[in-house]
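Chemist: So the protein lines, in turn, are chains A and B. With the numbering used here as the guide, the letters of the first sequence map in order to residues 1 to 224. With the numbering used here as the guide, the letters of the second sequence map in order to residues 1 to 341.
I should point out that these hints are in silico values taken from the structure, not numbers from a laboratory. Yeah, the Cβ is synthetic: ideal placement off N, Cα and C, and Gly gets one too. Errors might be hidden in some of the hints.
[As the list claims (entries may be wrong)] Covered stretches of chain B, as calculated for chain A (at least 3 residues, CB under 8 Å):
{"#": "1", "segment": "36-44"}
{"#": "2", "segment": "156-165"}
[To be verified] Incomplete in silico selection of chain A near chain B, CB under 10 Å:
{"#": "3", "residue": "Gln-54"}
{"#": "4", "residue": "Glu-57"}
{"#": "5", "residue": "Lys-59"}
{"#": "6", "residue": "Phe-62"}
{"#": "7", "residue": "Leu-67"}
{"#": "8", "residue": "Thr-94"}
{"#": "9", "residue": "Gly-108"}
{"#": "10", "residue": "Leu-132"}
{"#": "11", "residue": "Glu-141"}
{"#": "12", "residue": "Leu-191"}
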Amino acid sequence: MATKEEIINGLKTAIVNGDEEAAAKWAKEAIAAGLDAYELVTKYGGEAMAIVNQKYEKKEYFVPEVLCAANALNVAVDILTPYMKVDKTTVPATVVLGVVEGDIHDIGKNLVKIMLSAAGFNVIDLGKDVPLQKFLEKAKEVKADVVGMSALMSTTMPGMKKVISMFQEAGVRNKVKVIVGGGPVTEEWALSIGADARPHDASAAVGVVKQLVEKLRSERGESW
Amino acid sequence: MGEMTPKKRALLCLTGNKKKADRVSCFDVLTTATVDQMMAVNAPFPEANRDPELCFRLAAAAWEIIGLEGFKLPFDLCIEAEALGCKLNWGRIDRQPSVETHVFNDLKDLKIPENIIEKGRFPLKHSVEERLRRVYGDYLPIANQVTGPFTVAGHIFGIEKFLIWTKKRPLEEIKEALMLIADMNVADCKEALRRGADVICIADPSATSDILSPQFFRDVMVPVYQSMAKRLGAPIVLHICGNATSYLPYVADTGFDAFSVDTQVNIAFAKQVLGDRMAVVGGVPTVSALLFGTPQVVKKAAVDAIAMGVDALMPSCGIPPRTPTENFKAMVEAARCMVYV
């Protein structure tokens, strides 16, 4: 029987290497050894994805490697989930993500989702080609802390501006932080439409969202 | 030598011989259609993507309304996927069509019919190219654009699935599938050249260095592109979106004539790396200058690009349909009153 340390390292290595079979094997070993499934997923799964994130940042990894790692993590999570005793004491921040109406390019948004989920955020994914009012509706419904919008086409970028206006008109702009991203979206333009940040890529999004959530929670009196 | 025409100038500039021309050429091998032109010639999207008469009018508007020194077809990147069976979202007046469904579940399922260029909108594209040549004679160049193999693979298999296969499947299988798509591209281009086109643009936006590693580009994309270059006797422009700086050491090995770069690539740097091996085209940012800027902003960007040595002045990527005509025109005006560096 493998030791706890071997199982943890095996699982982390499998995720970093994007090896689904090894991830499944180590997840099953973990259950057999009676390890804490919740800790494995949130702590060690998160650590593995942080390594993936760093490699992506350093351009050792590219999008295909990140997608493979996320798949390996998902395989492990599927096996471990039935054994998880959820820790309800800390409430994770909720992020609503989507690609704005008219745009179907969702790789960037999916990468952000992968990275944020692995970092422990509760991510609600609206998908692609999302009708603009849906961002506000969903944010209200789930009491979102952060709303993230993506666009890869200059034709759909103006939709982001409209969404921010909708939050303003509804009087709830101060309830959330807004991040935007996508190829043609510059930081200058993002700030000019009233967004709070434009992380330069998916790996940067984790740090940015963490900071924004802290800021929001310190300045926001009442939540939704 | 005779009189310098836009076509002669374009062919010289795109093949790295701008010093034999009088100045850099200025047309757009990526996309020319804007809403202003659609209104001016009464040929709106999405109909202009499907109707031969409207398609001709909108293609001709590049010269008639904007003054771009050449034509380009088609206006979208979905013809290949559509001919292979993908369903399209046809978009609307200010939105190009996009691919909605994928058609093959596995690499091994990929089959391209022998007569593929008789399917979907390929015949429409070729017939409009023929008509442009007939109407405008030999004065202006006509660019036939194809959607590059990697982007088509993303359309027909689903991009995330295909990206994962690039890690999980033998690279030979990936290359084989891309080669089959390249064969289709070549058949399309040969027919286009026969019917009147004289420039080829291969737009492969999904093969961007924001997604793929330079090693993958070198080991897989370069051989695929080489096989296309060897079979086509016309100037070929490759367009890749995003920051393609890391591809520069390998892109000249493709055998293509010109590299169309997005805003993130520094043109002076690209010229340094590529030297006289490949022309560098582009230079006018689509979003900050053409869409949201003013004619002054466009002219400044154009002059800067020429000063950095750009071989042909073009938008840095596909033109946003809401680009104002006065901004688009300013790009051509800048080229007309400058020479080259």
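Chemist: Quick one: which hint numbers does this structure break? Sort them smallest to largest.
Modeler: 1, 3, 4, 8, 10, 11, 12
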